[in-house]
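Using the sequences and the hints given, assemble the complete structure.
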Amino acid sequence: MNERAWLSSFEHLVLATALRLERGYGAQLVRELEERTGRDVQGGALYITLDRLERKGLIESHMGEPDPERGGRPKRFVEVTPEGVRMLAEHRAVMLRVWDGLETRLGDT
Amino acid sequence: MRRPPGVLRRLTARLLPEGPVRDGLVGDLDELYAERVARGRVRADAWYARQLLSAAFHYRIRKWQRSAGTGIARVLSECRSDLGYAIRVLRHRPGFTVIVVLTLALGIGANTVIFSVVDAVLLKPLPLPEPERLVRLLHQRRGDETRPGRFSREDFADFEASRSPAVESVAAYTTGIRVFTGHGDAAELSTTYVSTDFFRAMLTGAVIGRTFRPEENVPGSDRVAVLSDAFWRSRFASHAGVIGTSITLDGEPVAVAGVMPPGFEFPADEAGVCGHPASSPIVPAQTEPAEAMWMPWPRPADSQLPRRGGYMLTV
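First to last, the sequence lines map onto chains W and H. Counting from 0, one number per residue, gives the positions in the first sequence under numbering that gives the first Met the number 0. Counting from 0, one number per residue, gives the positions in the second sequence under numbering that gives the first Met the number 0.
Hints are not guaranteed to be accurate.
[Claimed, not checked] Cross-link-like lysine to aspartate or glutamate pairs, in silico, EDC-like; alpha carbons within 20 Å at most:
no., chain 1, residue 1, chain 2, residue 2
1, W, Lys55, W, Glu10
2, W, Lys55, W, Glu89
3, H, Lys62, W, Glu10
4, H, Lys62, W, Asp50
5, H, Lys62, W, Glu53
[Stated by the list, open to error] Listed below are several chain W residues computed to face chain H (Cβ distance under 8 Å; list not exhaustive):
no., residue
6, Ala26
7, Gly43
8, Asp66
9, Glu68
10, Arg72
11, Leu95
Source of the hints: derived by calculation from the structure; they are not laboratory data. C-beta: ideal position from N, C-alpha, C; glycine also.
In structure tokens:
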């Protein structure tokens, strides 16, 4: 795995959440991320990360139809590409190797 | 659906790039705001304001930082590479290096000289009022058209007497050196001898005291001088009391009539002081203001001054 292909922690969270939602859009991603991380997620940070993941070919996004419920604003739907899935699998494998044997050191936290 | 405050919403939309990001993110924030506002308007507004700041940070400040940083880094990197390559080439080819250095030195030197001349002759205005009305007259020597000749004092007197009404005033000058003593170290002083209407032709008067009176432009009454500002400052410490006193030139007393304003230098350059006719006497000097003075140049009744030639200026 080369350095450019490595994911930042937030990219990892966003990519994994997008995979979980399968075809989620921005507000859904924010809700899911906030629920699973317990932290506030800024829409600007999410969108700039989605832009970056799309440039890397790890996700694809497309705009839906204008939504009257959102003042006529369309939703940006996100799907993880096969390359994104491969990257997540690789990332997870690395994380598991890094964490292997350390669980007992974490105590009850 | 409850909408975020209009100002914040418009500002958010303005900060985001046009297209999917703006449409998608503004819509998402509207949707998330509607959920939060049910739990409290103030908290929802504060949340939206934080979202606005985040969007501004990521889509304006961070992008600008990245683009500026990348541009500067690329330019610096290219400069470093080019410089390194140039140094390696020059080190391995000393003969070529010498030729390059000499070429550059001569080229830069020539360009500097040319620009200095163009700047002084064409770009900088003459340091005189209404310079477009000033004309310098020279005459051609018979059989030698390449070098302009001087007028004698007698030629000038004839011209002055018969000048056209179109000419407002006419003046002549010549230059010399007088030895100044009595105030500090003795010094050879550039002295310009001028005819009666010289200062009128220059449209410039003394800043302290006066210039010459017509009666001082006759032999015997011409021991009077007007000092340059630089001379007055360096030798008399800008003391106005020097007006009317005597200074010693070539061992003779000469009365000080006045001081010219700063910047008035005539002839302006070293060549002009030496009386070279091909040079302009009124091109602004490029060096420090010279210590100089002006004295009357009367028509010699009995050759009290050398019968040398001078230059004529008309307005």
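Taking the hints in turn, this is what the structure says about them:
1. W:Lys55 <-> W:Glu10: 11 Å, holds
2. W:Lys55 <-> W:Glu89: 15 Å, holds
3. H:Lys62 <-> W:Glu10: Measuring from Cα to Cα gives roughly 18 Å; hence the hint holds.
4. H:Lys62 <-> W:Asp50: 12 Å, holds
5. H:Lys62 <-> W:Glu53: Given pair Lys62 of chain H, Glu53 of chain W holds - Cα atoms ~17 Å apart, limit 20 Å.
6. Ala26: Check passed: Cβ of Ala26 of chain W comes within 4 Å of chain H, closer than 8 Å.
7. Gly43: 4 Å, holds
8. Asp66: 7 Å, holds
9. Glu68: 6 Å, holds
10. Arg72: 3 Å, holds
11. Leu95: Cβ of Leu95 of chain W sits 31 Å from chain H, so the hint is violated.
Of the numbered hints given earlier, the model fails hint 11 alone.
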